[in-house]
Amino acid sequence: MSFFEFLKPKKKSQGSDQDRGILVFEHTSEVIRAENVLKASGWKIRVMGPPPEIQSGCDLVIEFPLIEELNIVRTLQKVGASPLEIVPVSSPLLQPVDLFQIKDFDQYLMVRAANMKLTVEKKTLNIVNISGGGCPDVPYLAQEMVGKSLSEAPSPKEIGHTLCGYALQLAYEEMTRRCLP
Amino acid sequence: MLAIVGTVPDQKFPLTTGKVCLKDDEICIKGKRVHVNRGTPALLAAAVKTGEMLGQSEFFGYLVGDIGLGEGSRNLYEYLTKNLGQSKYSTITFHYLQPDVDWHNRVLFAIKETVKQTILIADAGFMYAAKMSGQAASYDLFTPDIGELAFLADETAPHPFYTRGFILQDEKRVPDLIKRAYVHKNASRFLLVKGKKDYLADRDGIKTMVDSPACEAMEAMGGTGDTLTGIAAALIESGMEISKAAIVATRANRLAGYYAQPTPATQVIEIIHHIPGALEEILQEKVTGKATTK
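In order, the protein sequence lines correspond to chains A and B. Going by this note's numbering, the first sequence opens with residue 1, and the numbers climb by one from there. Going by this note's numbering, the second sequence opens with residue 182, and the numbers climb by one from there.
Treat the hints as calculated values from the structure; they're not laboratory data. Glycine included, C-beta positions come from ideal geometry on N, C-alpha and C. Treat each hint with caution, since some may be false.
Just a sample of chain A residues kept apart from chain B, beta carbon distances all over 10 angstroms, derived [unchecked claim]: (1) Asp19; (2) Lys39; (3) Val47; (4) Pro51; (5) Asn71; (6) Leu94; (7) Lys117; (8) Gly133; (9) Asp137; (10) Ala142; (11) Glu174; (12) Arg177; (13) Arg178.
Result set (DSSO-like, lysine-lysine): computed pairs, CA atoms no more than 30 angstroms apart in a straight line [said to hold, decoys possible]: (14) Lys148/A to Lys200/B; (15) Lys377/B to Lys293/B; (16) Lys360/B to Lys103/A.
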């Protein structure tokens, strides 16, 4: 290391903010309220200025652990402090995958949303399998939902916590739209 | 020895480490029992079945309860940073942990500091964290499905949920996605891509493709990717070369699925029951040079 090396700003490591997301709010007062709620719940968050790519909302945003988006959004919804928009820090213009893939297995129907798949038996509308994903709430969601009917099973939105849970919620909503009156 | 690190879907399950065995379709570790459904218990069960067939001794498990809140995972990450570096594992497989780049880096640093020559395998949440950290090249084997491959290939994506448009594309794009994952240094030494067709690749491209026997219903079943990773880990631990182990594993997993005659409602334990028979058939075929087509 040269003598002045330590004076140079440290290069940010590639993954330093890859797992962080940004909550965008309409008004600063909402940011402050959300900050208080999330900090009181023990989340590691910080209030900062918005990146230039974000064109909506006020002059402050909240940075949060993106993987736990579903849990954080639910926490904010409970106190009426839902964000206007949620984006990844690494690339604020990225949008959640919103395409569905439907597969008909004759007696069964499978809906895939992003990396998650939900399968029901057509005759009974029982959830028979859940697959895909890599966050720890996936095995938990499968444990709680498989074997129950689509109308009786808890929704991923209620009991899931992560982005995989969020993706499963989209598959669940699409399945419900297709199968339930 | 092979170590397997992951979570079980029970928030009350304490951080538990110890040798793992399979009894009555349940994982046993330090007097505790875990039902085998999907996730890390399915990976462990497949590895144990493979190990038994190969005459290997028991594997070591690092398990904690986590239902997606991340607290269990973070406790386990912390434990690993303090204890994994002193271990003498030949192979470590990381699985369903809450993706956390900071904790991932601390664990990897602890391993690299003291454990040399250890083969590192990652799948599920830990693989997500490995990619996000920019340290993917430190691993020997990732086992993504097609959607996860798209995530590895998208240098900006923080999670498969935010992967740019190509996540639902057909498998024709697999060679491009593999190439892109290596170009951006978001791939391990070998990639075993799970799907309708399974692909083994390295930085030079696709080395082998396996597409039979094919059971369409396996796509809907939870845990079939976990069993594949478990079989591969145990075969690698037996001393088999990574590339060979990956191919034998994908063939055995497919054959076990074929013998289970699954429907989309079949649970993964049915496939796990058939792993020893499938493996024996494939390994025997290699000895006699006989090829089996299904």
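The hints, checked one at a time:
{"no.": "1", "hint": "Asp19", "verdict": "violated, 5 angstroms"}
{"no.": "2", "hint": "Lys39", "verdict": "holds, 16 angstroms"}
{"no.": "3", "hint": "Val47", "verdict": "holds, 20 angstroms"}
{"no.": "4", "hint": "Pro51", "verdict": "holds, 13 angstroms"}
{"no.": "5", "hint": "Asn71", "verdict": "violated, 7 angstroms"}
{"no.": "6", "hint": "Leu94", "verdict": "violated, 5 angstroms"}
{"no.": "7", "hint": "Lys117", "verdict": "violated, 6 angstroms"}
{"no.": "8", "hint": "Gly133", "verdict": "violated, 8 angstroms"}
{"no.": "9", "hint": "Asp137", "verdict": "violated, 2 angstroms"}
{"no.": "10", "hint": "Ala142", "verdict": "violated, 5 angstroms"}
{"no.": "11", "hint": "Glu174", "verdict": "holds, 13 angstroms"}
{"no.": "12", "hint": "Arg177", "verdict": "holds, 18 angstroms"}
{"no.": "13", "hint": "Arg178", "verdict": "holds, 16 angstroms"}
{"no.": "14", "hint": "Lys148/A to Lys200/B", "verdict": "violated, 34 angstroms"}
{"no.": "15", "hint": "Lys377/B to Lys293/B", "verdict": "violated, 35 angstroms"}
{"no.": "16", "hint": "Lys360/B to Lys103/A", "verdict": "holds, 28 angstroms"}
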